[in-house]
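**Q** Spelled out, the chains give:
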Amino acid sequence: MNSFDLQPLIHTYLGYKGVKPDERVDRLILSCLEELEKIQGFRYHYKIFEDIPAFLQKEPYLSFLTGCSAVILCVCTLGAEVDRKIKYLQRADMQKSLIFDACASAYLERRADNFEAGLGKNLTYRFCPGYGGSDISDIGYIFDLLKPEKIGITLLESNLMLPMKSMAGVIGVGKTAKKTCGNCFNFSACEYRKEGTTCYGSEKK
Amino acid sequence: MLRLGKKVIVLDGAMGTQLEDMGLEGCPEDFNITASEKIKAIHRSYSAADIILTNTFGLNKIKYRGAFSIEEVALRAIENARAAKKSVFFNIGPTGAMLKPLGTLLFDGAYSAFAELAEITKDLVDGYFVETFSDLYEAKACVLALKEHADKPIYVTMTFDSSCRTLTGSTPEIVANTLEGLGVDALGVNCSLGPKEMESVVKRLLAATDLPVIVEPNRGLPKLQNGKTVYELGAEEFGYYIGKFVEMGVSVVGGCCGTTPEFINAISKYSQREVVPRTVVKKTAVNSATKLVEIDGVKICGERLNPTGKKKLKEALINGDYDYLVDEAVRQQEAGADILDVNVGIPKIDEPRVMAEVLQRVQEYSDLPLQIDSSDRDAIEAGARCYNGIPIINSVNGEESVMERVFPIAKKYGAVVLGLTMDDNGVPKTAEERFDIAKRIIERAQSYGIPRHKIMIDTLVLTASAEQKLVTETVKALRLVKALGVKTALGVSNVSFGLPNRGLLNKTFLTMAMTCGLNMPILNPLDGEMTGAVRAFAVLSGEDENSEKYIDIYRDFTPAAANSTLAAKGEDKSAATLYDCVKKGVKGRAAELCEAELLRTEPMVLVNEVLIKALDEVGKLYDSGKLFLPQLVSSAEAAKAAFEVIGKRLPKEGSGNGLIILATVKGDVHDIGKNIVKVVLESHGFSVLDLGKDVPPEKVVEAYQKNKPLAVGLSALMTTTVKSMEETIKALRAAGCTSNIFVGGAVLNSEIAREIGADYYTKDALEFVKVLQTIKRQV
Numbered sequence: 106m107n108s109f110d111l112q113p114l115i116h117t118y119l120g121y122k123g124v125k126p127d128e129r130v131d132r133l134i135l136s137c138l139e140e141l142e143k144i145q146g147f148r149y150h151y152k153i154f155e156d157i158p159a160f161l162q163k164e165p166y167l168s169f170l171t172g173c174s175a176v177i178l179c180v181c182t183l184g185a186e187v188d189r190k191i192k193y194l195q196r197a198d199m200q201k202s203l204i205f206d207a208c209a210s211a212y213l214e215r216r217a218d219n220f221e222a223g224l225g226k227n228l229t230y231r232f233c234p235g236y237g238g239s240d241i242s243d244i245g246y247i248f249d250l251l252k253p254e255k256i257g258i259t260l261l262e263s264n265l266m267l268p269m270k271s272m273a274g275v276i277g278v279g280k281t282a283k284k285t286c287g288n289c290f291n292f293s294a295c296e297y298r299k300e301g302t303t304c305y306g307s308e309k310k
Numbered sequence: 004m005l006r007l008g009k010k011v012i013v014l015d016g017a018m019g020t021q022l023e024d025m026g027l028e029g030c031p032e033d034f035n036i037t038a039s040e041k042i043k044a045i046h047r048s049y050s051a052a053d054i055i056l057t058n059t060f061g062l063n064k065i066k067y068r069g070a071f072s073i074e075e076v077a078l079r080a081i082e083n084a085r086a087a088k089k090s091v092f093f094n095i096g097p098t099g100a101m102l103k104p105l106g107t108l109l110f111d112g113a114y115s116a117f118a119e120l121a122e123i124t125k126d127l128v129d130g131y132f133v134e135t136f137s138d139l140y141e142a143k144a145c146v147l148a149l150k151e152h153a154d155k156p157i158y159v160t161m162t163f164d165s166s167c168r169t170l171t172g173s174t175p176e177i178v179a180n181t182l183e184g185l186g187v188d189a190l191g192v193n194c195s196l197g198p199k200e201m202e203s204v205v206k207r208l209l210a211a212t213d214l215p216v217i218v219e220p221n222r223g224l225p226k227l228q229n230g231k232t233v234y235e236l237g238a239e240e241f242g243y244y245i246g247k248f249v250e251m252g253v254s255v256v257g258g259c260c261g262t263t264p265e266f267i268n269a270i271s272k273y274s275q276r277e278v279v280p281r282t283v284v285k286k287t288a289v290n291s292a293t294k295l296v297e298i299d300g301v302k303i304c305g306e307r308l309n310p311t312g313k314k315k316l317k318e319a320l321i322n323g324d325y326d327y328l329v330d331e332a333v334r335q336q337e338a339g340a341d342i343l344d345v346n347v348g349i350p351k352i353d354e355p356r357v358m359a360e361v362l363q364r365v366q367e368y369s370d371l372p373l374q375i376d377s378s379d380r381d382a383i384e385a386g387a388r389c390y391n392g393i394p395i396i397n398s399v400n401g402e403e404s405v406m407e408r409v410f411p412i413a414k415k416y417g418a419v420v421l422g423l424t425m426d427d428n429g430v431p432k433t434a435e436e437r438f439d440i441a442k443r444i445i446e447r448a449q450s451y452g453i454p455r456h457k458i459m460i461d462t463l464v465l466t467a468s469a470e471q472k473l474v475t476e477t478v479k480a481l482r483l484v485k486a487l488g489v490k491t492a493l494g495v496s497n498v499s500f501g502l503p504n505r506g507l508l509n510k511t512f513l514t515m516a517m518t519c520g521l522n523m524p525i526l527n528p529l530d531g532e533m534t535g536a537v538r539a540f541a542v543l544s545g546e547d548e549n550s551e552k553y554i555d556i557y558r559d560f561t562p563a564a565a566n567s568t569l570a571a572k573g574e575d576k577s578a579a580t581l582y583d584c585v586k587k588g589v590k591g592r593a594a595e596l597c598e599a600e601l602l603r604t605e606p607m608v609l610v611n612e613v614l615i616k617a618l619d620e621v622g623k624l625y626d627s628g629k630l631f632l633p634q635l636v637s638s639a640e641a642a643k644a645a646f647e648v649i650g651k652r653l654p655k656e657g658s659g660n661g662l663i664i665l666a667t668v669k670g671d672v673h674d675i676g677k678n679i680v681k682v683v684l685e686s687h688g689f690s691v692l693d694l695g696k697d698v699p700p701e702k703v704v705e706a707y708q709k710n711k712p713l714a715v716g717l718s719a720l721m722t723t724t725v726k727s728m729e730e731t732i733k734a735l736r737a738a739g740c741t742s743n744i745f746v747g748g749a750v751l752n753s754e755i756a757r758e759i760g761a762d763y764y765t766k767d768a769l770e771f772v773k774v775l776q777t778i779k780r781q782v
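Listed in order, the protein sequences are those of chains S and Y.
Under my numbering, the first residue of the first sequence carries the number 106, and numbering increases by one thereafter.
Under my numbering, the first residue of the second sequence carries the number 4, and numbering increases by one thereafter.
All clues given are correct.
Using 25 Å as the maximum straight-line C-alpha spacing, the simulated DSS-like pairs for lysine-lysine come out as follows:
id: 1; chain 1: Y; residue 1: Lys294; chain 2: S; residue 2: Lys255
id: 2; chain 1: S; residue 1: Lys143; chain 2: Y; residue 2: Lys302
id: 3; chain 1: Y; residue 1: Lys231; chain 2: S; residue 2: Lys252
id: 4; chain 1: S; residue 1: Lys122; chain 2: Y; residue 2: Lys773
id: 5; chain 1: S; residue 1: Lys125; chain 2: Y; residue 2: Lys623
id: 6; chain 1: S; residue 1: Lys143; chain 2: Y; residue 2: Lys103
id: 7; chain 1: Y; residue 1: Lys226; chain 2: S; residue 2: Lys152
id: 8; chain 1: S; residue 1: Lys143; chain 2: Y; residue 2: Lys294
id: 9; chain 1: Y; residue 1: Lys231; chain 2: S; residue 2: Lys152
id: 10; chain 1: Y; residue 1: Lys199; chain 2: S; residue 2: Lys255
id: 11; chain 1: S; residue 1: Lys255; chain 2: Y; residue 2: Lys103
id: 12; chain 1: Y; residue 1: Lys623; chain 2: S; residue 2: Lys122
id: 13; chain 1: S; residue 1: Lys143; chain 2: Y; residue 2: Lys206
id: 14; chain 1: S; residue 1: Lys125; chain 2: Y; residue 2: Lys629
id: 15; chain 1: S; residue 1: Lys252; chain 2: Y; residue 2: Lys103
id: 16; chain 1: Y; residue 1: Lys66; chain 2: S; residue 2: Lys152
id: 17; chain 1: S; residue 1: Lys255; chain 2: Y; residue 2: Lys66
id: 18; chain 1: Y; residue 1: Lys231; chain 2: S; residue 2: Lys255
id: 19; chain 1: Y; residue 1: Lys226; chain 2: S; residue 2: Lys226
Because the hints were derived from the structure by calculation, they are not lab data.
Work out the full structure, taking the sequences as your base and the hints as a guide.
**A** Right under this line is the structure:
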């Protein structure tokens with residue numbers, strides 16, 4: 106993975122609203138990414154469902170999945186060591202922990218995208234329960250169906266996942282829906298848009 | 004007849020694959036009862052194997068959700084396996100839940116699930132086969148349960164990925180050192196990879212342990228076809244790789260996912276072959292779950308987690324403020340410690356409980372191996388038991404009664420033991436006498452089954468002021484003891500007690516001792532002179548090849564920075580004033596310049612004229628979008644470092660701006676936002692009591708009642724945990740809370756804040772500070 110490709114997304118996560126950070130922050134980003142590469146243990150687990158699982162038979166999923174022939178449920182994580190490193194850095198160097206955290210989020214996002222690129226061409230973007238008015242507790246259904254404990258992810262009662270750098274998502278098969286603002290159901294409430302950027306991130310257009 | 008380690012043993016193949024072929028779908032363990040003839044048939048089909056594993060992989064009270072009781076299934080499973088008329092090992096798989104802090108399962112919870120199995124099966128099986136474990140801590144719980152509830156051979160295999168790490172980040176060396184220490188009979192690798200991909204893990208295990216090594220690969224890497232997992236490797240090729248492993252010295256071979264009787268038949272020719280002998284150099288090594296430190300050359304053991312002479316640490320231990328200890332651990336790690344000593348011994352404290360709690364907290368943050376420092380037998384055991392790895396125990400000495408108390412614990416948990424060369428008669432004067440005690444300690448250890456490489460000797464430092472002539476005896480004793488083939492340790496800073504300029508004496512003595520073979524100085528790593536001496540020694544002794552580590556640390560060295568305690572590596576050197584340091588976020592220099600400024604400026608003037616002004620400017624730049632979160636945080640950290648320096652000069656009372664209690668509410672584990680608030684508050688002179696994350700309402704109320712703070716700040720990230728925030732506020736109000744309650748976090752806004760009964764919603768840390776300042780002005 107090219108670290109430079111990830112930088113715009115990391116900048117977005119760090120709150121740089123389209124402004125380029127100073128050189129020192131960018132250097133720190135590169136060194137964080139380097140460390141991250143060494144300790145991350147990316148794991149991705151998924152299943153394809155020909156019949157759309159019951160918990161998705163409601164809005165906003167239904168509109169999202171209209172026209173899909175199947176659905177993929179997925180979970181992925183960067184593993185426990187990344188979490189521990191972030192915790193450690195919060196004690197040792199708060200600024201670095203902030204940057205490391207943003208790097209890890211962007212890295213996870215990208216690794217998941219890359220993995221999904223290998224699953225086929227005709228796929229929607231990955232939609233995560235909790236966003237766009239969907240109920241975050243729907244993650245529980247994904248856990249029931251996938252049993253991602255085997256890749257080391259635990260779902261807490263509060264619907265948070267451990268390790269924290271983990272994601273759960275729903276992908277439609279047989280329909281191309283790229284991540285654009287137009288097809289996002291968070292369109293009207295989006296914080297990024299108010300500031301003139303996008304969540305899937307790039308410098309200010 | 005199994006002759007583990009002498010003759011190669013062949014295991015059976017997959018159970019799941021066979022069940023699938025027979026069309027059995029559902030809870031695999033229940034088939035022991037509902038389809039026992041079929042299960043027996045599968046076991047019989049593996050009759051070419053020497054050991055048959057029971058069909059009980061998912062049978063433990065945490066994972067099993069079948070229709071019968073654990074006992075019913077276990078008993079029938081053993082009976083079924085006996086049908087093959089081979090040795091029967093009870094198969095134990097992981098609970099499927101992650102242990103704390105990676106998940107929610109408690110160590111004791113995992114332990115009791117495995118202990119239950121051992122109690123049911125201990126008289127009915129020939130051994131235990133613990134497999135597919137991915138978390139070293141869970142494996143430890145399992146091994147302890149089996150050892151304490153049964154008396155049968157224990158074979159353990161863990162699962163590694165292609166980068167040779169387990170799910171929780173343990174390397175083959177760490178797995179080998181830990182499991183060997185816990186006294187398993189054989190250890191190895193299974194599942195996840197095919198035989199070809201397993202080769203490097205196998206090589207590393209073979210080099211790391213002299214215990215018999217087990218290899219149980221999958222039938223190659225699976226492919227997904229029409230939603231089904233398909234394995235394609237042929238039996239002959241599988242057999243070829245197993246043959247290679249046998250030639251390398253592997254003792255136990257078998258097959259995991261995808262393998263069938265055909266595969267076991269293909270490797271059965273290795274059964275009863277002589278195990279190929281190998282030589283393993285035993286090392287003195289300690290490890291956490293993710294870091295192994297070999298005690299060789301010179302390794303620094305940080306001594307600061309010890310309440311002796313440290314008022315703040317004592318208070319922290321009494322109040323259960325383990326955060327303070329975590330910070331101290333992290334500081335030492337940052338400063339270059341390789342191992343951390345942990346001592347919680349203060350009068351009237353429940354030492355075993357506190358030792359266990361502190362070790363668990365510290366290992367949650369720091370990956371450095373730990374040294375359990377106590378004279379309380381129960382505290383040592385509590386620590387060794389809960390520690391996820393192999394610790395050092397500090398210490399035993401030549402006294403029989405002490406060795407009797409400590410050696411059995413060291414043996415059971417595989418710890419390295421530090422032996423002090425003193426006995427009932429005190430510290431002997433001469434090096435020769437201390438050598439004799441060292442010899443005695445090593446011999447006694449061996450009688451407990453503790454090998455030489457698990458012993459380190461401390462030849463004891465006496466103070467130069469009182470016993471000047473004996474200083475050289477300590478060093479001389481180091482040389483003598485090295486001839487016994489053990490590693491050495493010394494608490495070096497004792498030497499200078501009672502003399503001026505202690506640092507100079509300490510450093511000089513450290514250098515003398517390193518030259519004579521000192522491996523582990525126990526010292527204060529925050530003393531740059533001491534760690535510097537160790538780094539310099541590593542260059543001069545040739546340990547630091549090409550001086551790489553040294554150059555990396557001192558690359559930016561200038562004589563002017565030499566007095567600075569913190570290596571200001573890579574910091575912005577253009578920050579020449581304290582104001583600039585805060586504005587630009589140069590932490591190391593900020594503390595230093597603040598010290599210098601205090602020589603000519605009154606503390607409060609410095610606060611008002613420099614720190615507050617600099618922070619104000621940073622705040623303005625942040626608000627106007629000219630400066631961003633990373634800089635805001637580093638400025639706050641620089642200001643905090645300066646405040647800490649000033650805080651030492653100010654009288655205790657009335658120094659701060661007031662106390663703020665912070666907590667991430669119950670159910671929520673995201674705390675980066677709360678931690679940013681903490682740093683920013685502290686940078687503005689507020690003192691913060693941080694209750695941490697996932698904090699139950701009762702704990703917040705208790706802290707409120709005890710401290711009556713200026714404000715309580717609650718953080719939540721998820722909609723689900725806003726409820727828990729509301730409950731916390733209700734509980735606080737019910738307890739009569741008159742302090743201002745602030746809330747913040749991604750899902751909150753002022754509307755929700757009002758609804759749940761908070762006084763203020765602030766969108767970020769800086770706004771929090773501004774509101775607080777307004778409140779203070781109004782008071």
